[in-house]
Amino acid sequence: MSGFRRFGDLYRALDETTSTNEKRDALAAYATDASDADLAWAVFVLTGRRMRRPVSGNVMRDWASQHTGLPAWLIEASYHAVGDLSETLAILCSRGQGNAPPDLSLAEFMEQEVLPLGAAEPDEQRQVLQRWWDTLDERDCFLAHKLVGGALRVGVSATLAVRGFAKGLGYAPSVVEHRLMGTWEPTAAFGARLRAADDGAADRSRPYPFYLASPLGDSPESSGERDEWLAEWKWDGIRAQLIVRGGEVFLWSRGEERLTERFPDLVVPAGHLPDGTVLDGEIVIKRDGVVQPFAVLQTRIGRTNLSAKVLRDSPAVFLAFDLIEWGGEDWRERSLRERREVLAQLLGASGTGPLQLSQAVVAPDWAALAGLRAQSRSLGVEGIMLKRWSSPYRSGRPRGDWWKWKIEPFTMDAVLVYAQAGSGKRASLYTDYTFAVWDGDTLVPVAKAYSGLDDEEIARLDRWIRAHTKERFGPVRVVEPVHVFELGFEAIQRSSRHKAGIAVRFPRILRWRTDKPAREADTLPALHRLLEQAAAAHPAQPAQAEPEAPSLFDDLGDDA
Amino acid sequence: MADLLTMTDAGLYCEAGDFHIDPWRPVPRAVTTHAHSDHARAGSELYIAAAEGVSLLQHRLPGARVEGLEWGETRTIHGVRVSLHPSGHIRGAAQVRVEHGGEVWVASGDYKREADPTCRPFEVVRCHTFITEATFALPVYRWAGPDAVMADVVSWCQATMASDGCAVLLTYTLGKAQRLLAELAPHLEAPVLVHGAVEPLNALYRAAGVTLASTQLVRDTPVRGGVRGAVVLAPPSAAVPAWLRRLHEPQMAFVSGWMRLRGTRRRRSMDRGFALSDHADWPGLLQTIRETGAQRVLATHGDSAALVRFLAETGLEAAALGAVMPGASDADEDGA
Ligand SMILES: [Zn+2]
Ligand SMILES: [Zn+2]
Chain A
1 MSGFRRFGDL YRALDETTST NEKRDALAAY ATDASDADLA WAVFVLTGRR MRRPVSGNVM
61 RDWASQHTGL PAWLIEASYH AVGDLSETLA ILCSRGQGNA PPDLSLAEFM EQEVLPLGAA
121 EPDEQRQVLQ RWWDTLDERD CFLAHKLVGG ALRVGVSATL AVRGFAKGLG YAPSVVEHRL
181 MGTWEPTAAF GARLRAADDG AADRSRPYPF YLASPLGDSP ESSGERDEWL AEWKWDGIRA
241 QLIVRGGEVF LWSRGEERLT ERFPDLVVPA GHLPDGTVLD GEIVIKRDGV VQPFAVLQTR
301 IGRTNLSAKV LRDSPAVFLA FDLIEWGGED WRERSLRERR EVLAQLLGAS GTGPLQLSQA
361 VVAPDWAALA GLRAQSRSLG VEGIMLKRWS SPYRSGRPRG DWWKWKIEPF TMDAVLVYAQ
421 AGSGKRASLY TDYTFAVWDG DTLVPVAKAY SGLDDEEIAR LDRWIRAHTK ERFGPVRVVE
481 PVHVFELGFE AIQRSSRHKA GIAVRFPRIL RWRTDKPARE ADTLPALHRL LEQAAAAHPA
541 QPAQAEPEAP SLFDDLGDDA
Chain B
1 MADLLTMTDA GLYCEAGDFH IDPWRPVPRA VTTHAHSDHA RAGSELYIAA AEGVSLLQHR
61 LPGARVEGLE WGETRTIHGV RVSLHPSGHI RGAAQVRVEH GGEVWVASGD YKREADPTCR
121 PFEVVRCHTF ITEATFALPV YRWAGPDAVM ADVVSWCQAT MASDGCAVLL TYTLGKAQRL
181 LAELAPHLEA PVLVHGAVEP LNALYRAAGV TLASTQLVRD TPVRGGVRGA VVLAPPSAAV
241 PAWLRRLHEP QMAFVSGWMR LRGTRRRRSM DRGFALSDHA DWPGLLQTIR ETGAQRVLAT
301 HGDSAALVRF LAETGLEAAA LGAVMPGASD ADEDGA
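Chains as they are written, first to last, in the numbering used here: chain A, 1 to 560; chain B, 1 to 336.
Here chain A stands alone, though its shape is the one from the complex (with noise of 0.2 Å):
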């Protein structure tokens, strides 16, 4: 079977599995018996890598219009019944009978067919597109579609790709991964590269396991005196390692998301310190000097293309706080302290620059470090860290040396005025409340919440709603504004959908304050106080600013 073919058979092979096991085994196998050359090509296109598009799709979508007499707009309902431009044309364009086909390799294909179109003239591109209409049958087509439009779409992460090419070469998908690294073409030459035998290099690029901080459930007294800890703050960014080695740098971000693309203001400064060095930090973007939220990051990590405007406007820096390899040696045993000595000769004490320390928070005791905590939200950051001077870089997340002390979200006093039937096992049961805050004389609902209380104050709370009902609308029971409840939150926004002009976002029931009379609940005007704070601590990107989609690197923000 021609190469070509082949690859077509891969292209399917993929397609018709959800499964990621299948997946990845056609790709092994592919791996195993593909050319060189072929292989390289299969790389290049599963694993993202994109030319620039020779003839547009609405270019195709025309001269597909003209070969078969159909109308455009007839097209255009074909396209959308079908949903994928490459297929559409390949059902309405193929006349070939697949008793011609294209006896080439994938990389023949590709040099002889493919690239030349870019540096063509409309004309010929036209004449190569409608020579394969002609000569391919539909499933031959459909490949040479995709192949010119770059993207396949075929349900395959660049991540998958590497793991199931890694697997058919018989190498970890480190190897893979670390060759896949930097500029290249796909030659034979480099599908050569590719098989040939691990040298080790891509050992160099690997991080060491991640030391991560356990929540600090008690106060801080309870683990033991001040000065035995280091208190930094905790920053809103990318946990991440920062390596050094063989004259490379590479970034590897907590996920084992490597990073090094992506943020070359990291990783060109860091080829300046010596090599045989790894550091952990935090990637954060600063504006004249100032830390800037988590959405501002996620927004410049979604960047694909990284134009000098972004690096300009959300410059990152790496806020360094330990030193686990120096001087090619393995310091992960020997002290923070002794570890944070040599990192702050490293690094200096400036606070400006895309590498920098990780500044420790100066407070003599703990009551003043917990004052210091308290300003947090204003200061941008979750909390504090506490590290034991003492202690060694550990993996994983063992107990005792290493604490987050998070800052408590948001509170507010408020009043239930509505209440609903819950669902579920609750159905039977009054537990969805909206509770209001006054202003002026009205109640003005703020929140929903359906949690916080315990199935005693449930059960009394719901006694309590059906014999204190003043009006029903369908489901929802308009209850006597009597009882307040301190309900936590953990952001503030403006909302133009909600009366008050505001919503909270993850508000939950902290406790029934039995002991305070509706009058002495909060206020609409406190609350607009409280975003106005939240906005002010974070001048750039406003509160209401709301993360973009949810995208992989989400789980990667939180967690020290």
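For the record, the hints were derived by calculation from the structure and aren't laboratory data.
This structure is a prediction, so every number in the text was calculated from the model and none was measured.
Positions of the beta carbon are idealized from the N, C-alpha and C atoms, including for glycine.
One or more of the hints may lead you astray.
Claimed, not checked - Facing chain B, according to a computed beta carbon distance under 7 Å, are these residues of chain A, among others: (1) LEU70; (2) ALA77; (3) SER78; (4) ALA81; (5) VAL82; (6) GLY83; (7) GLU87; (8) ILE91; (9) LEU92.
To be verified - Here are some chain A residues the structure puts well away from chain B; computed CB gaps all over 10 Å: (10) TYR171; (11) ALA188; (12) LEU524.
Could you slot chain B with the ligands onto chain A? The hints should help.
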């Protein structure tokens, strides 16, 4: 002159002859194109159908009063001449020719132009107005031809059986199932295992002299994992775990024109999809419309907008024929 056939709340109606065609409500006189449930609905006083399809209709509508017409035989109802002609859709499926005052209308019912060993081929009937179905009315619906598709089906079945697995062909119980059994007959030695919903229809086809592969009921096999290396035929609704657990390593393939598109194949999450349809594809629709010589085309049954616009742009008088049948989409019916 008023239209000979018009769309009403009960379905297509001939006022001059006072009869309906494929009504979806009970009427006094229902000319019925075929026994699929979106065309044959219970409750009418009298059904008039092709003689070849009477037994199927009676199976679907127990106790119904059905009169059979031979192919091409003319019945005059209140001065309107009515005759039935093969549509090639399933056994006994008819086009309805209606003639009155020199005007000829043909209502196609469901039809296809491909060869089918279980029924007569489509007959071209010249007319002034042609009411065409439009199930697959886009140019991307282009069938590969039954021989090519069946070759794929057979080689997939053989490969699955060779690895000791069960090749489960999911398909409509009436028509497509028997077409598959007839096509498979020369290629299989062991009986095809069938779901209980399929077998009574097989019996009716055999009684009419159609040669089908031999069959055995799945429910007569051991309960758990006992069936190995077999071809199994079932409606899509039967593909539930409790039923499949009798089968060793079941591989599922849906046999339907909808499988023509990659996206539909993936959404159905089948192991395979085979685009074998009992409906006309886009070239089939255009060929048929042309051959009838009709100057006016009314399209119904499916998404007809593209077809109507396309025909209008080629100079024909074309329109969509109103209402969509209530509850017409029955996954196990319709022979798509
Ligand atoms: Zn139908
Ligand atoms: Zn039908």
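Checked hints:
For LEU70(A), the interface hint holds, the least distance from its beta-carbon to any beta-carbon of chain B being 6 Å, beneath 7 Å. Evaluation of the ALA77(A) hint against chain B yields a held restraint, the C-beta minimum of about 5 Å falling below 7 Å. Among the interface hints, the one on SER78(A) holds; its C-beta lies about 5 Å from the nearest C-beta in chain B, closer than the 7 Å criterion. A least Cβ separation of about 5 Å between ALA81(A) and chain B falls short of the 7 Å threshold, and the interface hint therefore holds.
A cut of 7 Å between beta carbons decides the hint on VAL82(A): the least distance to chain B is about 6 Å, and the hint holds. A cut of 7 Å between beta carbons decides the hint on GLY83(A): the least distance to chain B is about 5 Å, and the hint holds. Residue-level restraint check for GLU87(A) holds (minimum Cβ-Cβ distance to chain B is 6 Å; threshold 7 Å). The restraint placing ILE91(A) at the interface with chain B holds, with a minimum CB-CB distance near 5 Å, inside the 7 Å limit.
For the restraint placing LEU92(A) at the interface with chain B, the shortest Cβ-Cβ distance is roughly 6 Å, inside the 7 Å limit, so the hint holds. For TYR171(A), the non-interface assignment is confirmed: its Cβ lies about 31 Å from the closest Cβ of chain B, beyond the 10 Å cut-off. With a closest Cβ-Cβ approach of about 32 Å to chain B, ALA188(A) is found to remain outside the 10 Å limit, as its non-interface label requires. With 10 Å as the threshold on Cβ separation, the claim that LEU524(A) sits away from chain B holds: the shortest Cβ distance comes to roughly 48 Å.
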